[in-house]
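Asks: Chains A and B, in that order, are what the protein sequence lines are. Just so we're aligned: 98 in numbering that gives the first Met the number 0 is position 99 of the first sequence, and the numbers increase by one with no gaps anywhere. Just so we're aligned: 116 in numbering that gives the first Met the number 0 is position 117 of the second sequence, and the numbers increase by one with no gaps anywhere.
By construction, these hints were calculated from the structure, which means they are not laboratory data. The model shown is predicted, which means the values in this text are computed figures rather than measured ones. Using N, Cα and C, we set each Cβ at its ideal position, and we do this for glycine too. Just to be clear, a hint being listed does not mean it is correct.
Claimed, not checked - Calculated cross-link-like contacts (lysine-lysine; reagent style DSBU-like; alpha-carbon spacing at most 30 angstroms): (1) A:Lys76 / A:Lys60; (2) A:Lys76 / B:Lys53; (3) B:Lys47 / A:Lys57; (4) B:Lys28 / B:Lys47; (5) A:Lys133 / A:Lys62; (6) A:Lys57 / B:Lys28; (7) A:Lys57 / B:Lys122; (8) B:Lys57 / A:Lys133; (9) A:Lys62 / B:Lys28; (10) A:Lys76 / A:Lys1; (11) B:Lys122 / A:Lys76; (12) A:Lys74 / A:Lys1; (13) A:Lys62 / B:Lys57; (14) A:Lys60 / B:Lys57; (15) A:Lys60 / A:Lys74; (16) A:Lys76 / A:Lys57; (17) B:Lys47 / A:Lys74; (18) B:Lys53 / A:Lys1; (19) B:Lys122 / A:Lys60; (20) A:Lys131 / A:Lys60; (21) B:Lys53 / B:Lys28; (22) B:Lys122 / A:Lys62; (23) A:Lys74 / B:Lys122; (24) B:Lys57 / A:Lys131; (25) A:Lys76 / A:Lys131; (26) A:Lys62 / A:Lys74; (27) B:Lys47 / A:Lys60; (28) A:Lys57 / B:Lys57; (29) A:Lys74 / A:Lys57; (30) B:Lys28 / A:Lys60; (31) A:Lys62 / A:Lys131; (32) A:Lys62 / A:Lys76; (33) A:Lys131 / B:Lys53; (34) B:Lys122 / A:Lys1; (35) A:Lys74 / B:Lys28; (36) B:Lys47 / A:Lys62.
Stated by the list, open to error - If you want the ones that stay clear, here's a sample from chain B, every Cβ over 10 angstroms from chain A, calculated: (37) Lys28; (38) Asp90; (39) Thr94; (40) Gln96.
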Amino acid sequence: MKSIIYLIVGVFFGIVMYKSEAASWFRIYEMFEFGSFHMYGIIGSALAIGVVGVQLIKRNKIKALNGADMHLQPKAKSFWRYILGGILFGLGWALAGACPGPMYVLIGAGYLPILVVVGSAILGTFVYGVLKSKLPH
Amino acid sequence: MNWIYEPWPWYISGPLIALTMFILLFLGKNFGMSSNLRTACTIGGAGKVADFFKFDWKTQRWNLIVVVGAIIGGFLANNYLSNNSVNINDDVAQTLQTYGIESADDAYLPEELFSAEALSDPKVLAILIIGGFLVGFGARYAGGCTSGHAISGLSNLQLPSLISMIGFFIGGLVMIHLIFPLIF
């Protein structure tokens, strides 16, 4: 039963990503060219509501439906992994024009070459896991 | 009925992304799409090679189901809910034309990179492979992607997510403004 809820959340997310055009290579390129407010508006309005909602959850100690605490653990403190990992991600985000969420959406939309992107993203994750102990964190 | 095919403006899309995050929080989960790539490695047996992949992937089954849903959502949106063309800023579209990418305003993704025929071009193949690799490697190195850091982490006012977000933009701007002119 719970699986169906996650499936519905995924379908909803997929439609939002596609209809918002956040899954379009063109919109990502345009964002880094500062050509339109569109992507900034999407991220900014999601964040504005996200910040207010998360603060309300924390102040009122709202629990998840199963009674457990919500998944709002603080991220581990560090600098290098976030800035270096972030830059590498950004280079790929702009080059492939897709981040992990939209990648899956584009598979469904029928763009076969995105399978190459997803496959090499899995490979990239694997290589990170292998090199993890040798990288500055 | 044409309105069905119109793209959604940012002030509809952004709040709906926040809603997705809140639904997952209420379900006791977290919103982060790149962790599925790690789960895929674990399912493929990567735990034999690196401890990073040694975890019970069944705990992440819910997130894989979200992925299946996202694929279905993409199918539905592409086939029934969109005219599959993206209108971007005219100046930006002209810049893309100088790079040989002419399909802006006519397509959802550039046909020069994402059509089945384009795959036979070694340069296109390299772009897709390197782009994907950097996304996968960078997302795990930074501990999250756009959903995990830019939305979930920043909503929780996490400094690491702000640092990652700054990194995302440094990388993106370097790619578009310094590297694109060299490769296109």
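Asks: Next, verify each hint and record whether it holds.
Replies: Status of each hint after checking the structure:
1. A:Lys76 / A:Lys60: holds, 24 angstroms
2. A:Lys76 / B:Lys53: Holds: lysine 76 of chain A and lysine 53 of chain B sit about 23 angstroms apart, inside 30 angstroms.
3. B:Lys47 / A:Lys57: violated, 39 angstroms
4. B:Lys28 / B:Lys47: At roughly 27 angstroms apart (the allowed maximum being 30 angstroms), lysine 47 of chain B and lysine 28 of chain B satisfy the hint.
5. A:Lys133 / A:Lys62: With Cα atoms ~39 angstroms apart, lysine 133 of chain A and lysine 62 of chain A exceed 30 angstroms; violated.
6. A:Lys57 / B:Lys28: Judged against 30 angstroms, a Cα distance of about 16 angstroms means the pair holds.
7. A:Lys57 / B:Lys122: Since the Cα atoms of lysine 57 of chain A and lysine 122 of chain B sit roughly 49 angstroms apart, the hinted pair is violated (cutoff 30 angstroms).
8. B:Lys57 / A:Lys133: Holds: lysine 57 of chain B and lysine 133 of chain A sit about 28 angstroms apart, inside 30 angstroms.
9. A:Lys62 / B:Lys28: Roughly 12 angstroms between the alpha carbons, so the hint for lysine 62 of chain A and lysine 28 of chain B holds.
10. A:Lys76 / A:Lys1: violated, 34 angstroms
11. B:Lys122 / A:Lys76: Status violated; Cα separation ~39 angstroms.
12. A:Lys74 / A:Lys1: holds, 28 angstroms
13. A:Lys62 / B:Lys57: holds, 23 angstroms
14. A:Lys60 / B:Lys57: holds, 28 angstroms
15. A:Lys60 / A:Lys74: Measuring from Cα to Cα gives roughly 19 angstroms; hence the hint holds.
16. A:Lys76 / A:Lys57: holds, 20 angstroms
17. B:Lys47 / A:Lys74: OK: lysine 47 of chain B and lysine 74 of chain A at ~27 angstroms, within 30 angstroms.
18. B:Lys53 / A:Lys1: holds, 25 angstroms
19. B:Lys122 / A:Lys60: Violated: lysine 122 of chain B and lysine 60 of chain A sit about 52 angstroms apart, past 30 angstroms.
20. A:Lys131 / A:Lys60: violated, 35 angstroms
21. B:Lys53 / B:Lys28: Judged against 30 angstroms, a Cα distance of about 20 angstroms means the pair holds.
22. B:Lys122 / A:Lys62: violated, 50 angstroms
23. A:Lys74 / B:Lys122: Violated. Lysine 74 of chain A to lysine 122 of chain B sits at ~38 angstroms, over the 30 angstroms cutoff.
24. B:Lys57 / A:Lys131: holds, 23 angstroms
25. A:Lys76 / A:Lys131: holds, 17 angstroms
26. A:Lys62 / A:Lys74: Measuring from Cα to Cα gives roughly 20 angstroms; hence the hint holds.
27. B:Lys47 / A:Lys60: violated, 40 angstroms
28. A:Lys57 / B:Lys57: Between lysine 57 of chain A and lysine 57 of chain B the Cα gap is close to 29 angstroms, so the pair holds against 30 angstroms.
29. A:Lys74 / A:Lys57: holds, 16 angstroms
30. B:Lys28 / A:Lys60: holds, 16 angstroms
31. A:Lys62 / A:Lys131: violated, 34 angstroms
32. A:Lys62 / A:Lys76: holds, 25 angstroms
33. A:Lys131 / B:Lys53: holds, 13 angstroms
34. B:Lys122 / A:Lys1: violated, 44 angstroms
35. A:Lys74 / B:Lys28: The given pair, whose Cα atoms are some 15 angstroms apart, holds under the 30 angstroms limit.
36. B:Lys47 / A:Lys62: violated, 37 angstroms
37. Lys28: violated, 6 angstroms
38. Asp90: violated, 6 angstroms
39. Thr94: violated, 7 angstroms
40. Gln96: holds, 12 angstroms
Violated hints, in rising order: 3, 5, 7, 10, 11, 19, 20, 22, 23, 27, 31, 34, 36, 37, 38 and 39; the structure is consistent with all others.
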